[in-house]
Amino acid sequence: MIDPEEKALLEALRAGDEAAYEKLVREHTGRMLSVARRFLREEDDAKDAVQDAFVSAFRAIGNFEGGSRISTWLHRIVVNAALMKLRTRRRKPEESIDDLLPRWKDDGHPEQAPVPWSAEKLLQRDRVRSLVQSGIDELPDTYREVLLLRDIEELDTAETAKLLGISSNAAKTRLHRARQALRELLDPALREDA
Amino acid sequence: MLTCREFADFLRAYLEADLPGDQREAFEDHVQICPPCVNYLDTYKETIQLGRCICEDGDGPPPADAPEDLIRAILAARGPR
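Just so you know, the sequences run in chain order A and B.
Residue numbers for the first sequence follow the working numbering, so the first one is 1 and each next one is one higher.
Residue numbers for the second sequence follow the working numbering, so the first one is 1001 and each next one is one higher.
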């Protein structure tokens, strides 16, 4: 159920109230920029995606029925805008993820035996957050976008595949490789014996 | 009997209950005999959890760094009504 404050804001937006538009933009730009930055490495691209998202939202405001919170609605729109921007910026040919994946001996054993991660290191939240963000930024775009949609935006496989225009099987394979690569990138800094 | 490499290949499917019964059994047998693969399984799951930590701000207050130039550009893009 839409809360009364959001309902009033929505009515003001539909009536074209300039102050309501400014309130909407000031309240949501920061959070939407954080979302766009997860997908886009360049700050200017992230800002463009937020601007594109608001333009789409302004056009669609008449059709928004308040079935979700405005923040949730805007969140979905900026994710779409960031994906569109990512596609226009994609490097061709796409970088391979192979160099980031675990390495195996011919007999199927790992070249480096996995060890647990240090609980003490995992508690250093700011450092871990920075490591994770850097790791995600290192993933090739097609893997990064799947990981962001599945593990961070928490979309399911079918939604992710549809958004990206790929099969569910391709989404599953890419997600697994992206997670494996991110694990490899985090491992040197987090393993117990490091 | 699975190799460690096959175990790693099956991880996502195992965690998402997407693995056929015989492969699931082989996967679980491997867990019993291979401590390094248990470490791999645990750190793979931690990787998924850590990914979520980069967006912990969630529905909290907006970050303080919403640039004024961007806000103005967005409002200008709406154009006069």
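These are calculated hints, taken from the structure and not from any lab test.
Owing to the predicted nature of the structure, the values given are computational and were not obtained by experimental measurement.
Wrong hints could be hidden among the right ones.
What the hints assert, rightly or not - Derived lysine-lysine pairs resembling DSS-like cross-links, with alpha carbons at most 27 Å apart: (1) A:Lys47 x A:Lys23; (2) A:Lys105 x B:Lys1045; (3) B:Lys1045 x A:Lys121; (4) B:Lys1045 x A:Lys172; (5) B:Lys1045 x A:Lys162; (6) A:Lys172 x A:Lys162; (7) A:Lys172 x A:Lys105; (8) A:Lys121 x A:Lys47.
Each hint, compared with the structure:
1. A:Lys47 x A:Lys23: holds (18 Å)
2. A:Lys105 x B:Lys1045: Since the Cα atoms of A:Lys105 and B:Lys1045 sit roughly 24 Å apart, the hinted pair holds (cutoff 27 Å).
3. B:Lys1045 x A:Lys121: Measuring from Cα to Cα gives roughly 16 Å; hence the hint holds.
4. B:Lys1045 x A:Lys172: Roughly 16 Å between the alpha carbons, so the hint for B:Lys1045 and A:Lys172 holds.
5. B:Lys1045 x A:Lys162: At roughly 25 Å apart (the allowed maximum being 27 Å), A:Lys162 and B:Lys1045 satisfy the hint.
6. A:Lys172 x A:Lys162: holds (13 Å)
7. A:Lys172 x A:Lys105: At roughly 25 Å apart (the allowed maximum being 27 Å), A:Lys105 and A:Lys172 satisfy the hint.
8. A:Lys121 x A:Lys47: Given pair A:Lys121, A:Lys47 is violated - Cα atoms ~33 Å apart, limit 27 Å.
Comparing the model with each numbered hint stated earlier shows that hint 8 is the single one that does not hold.
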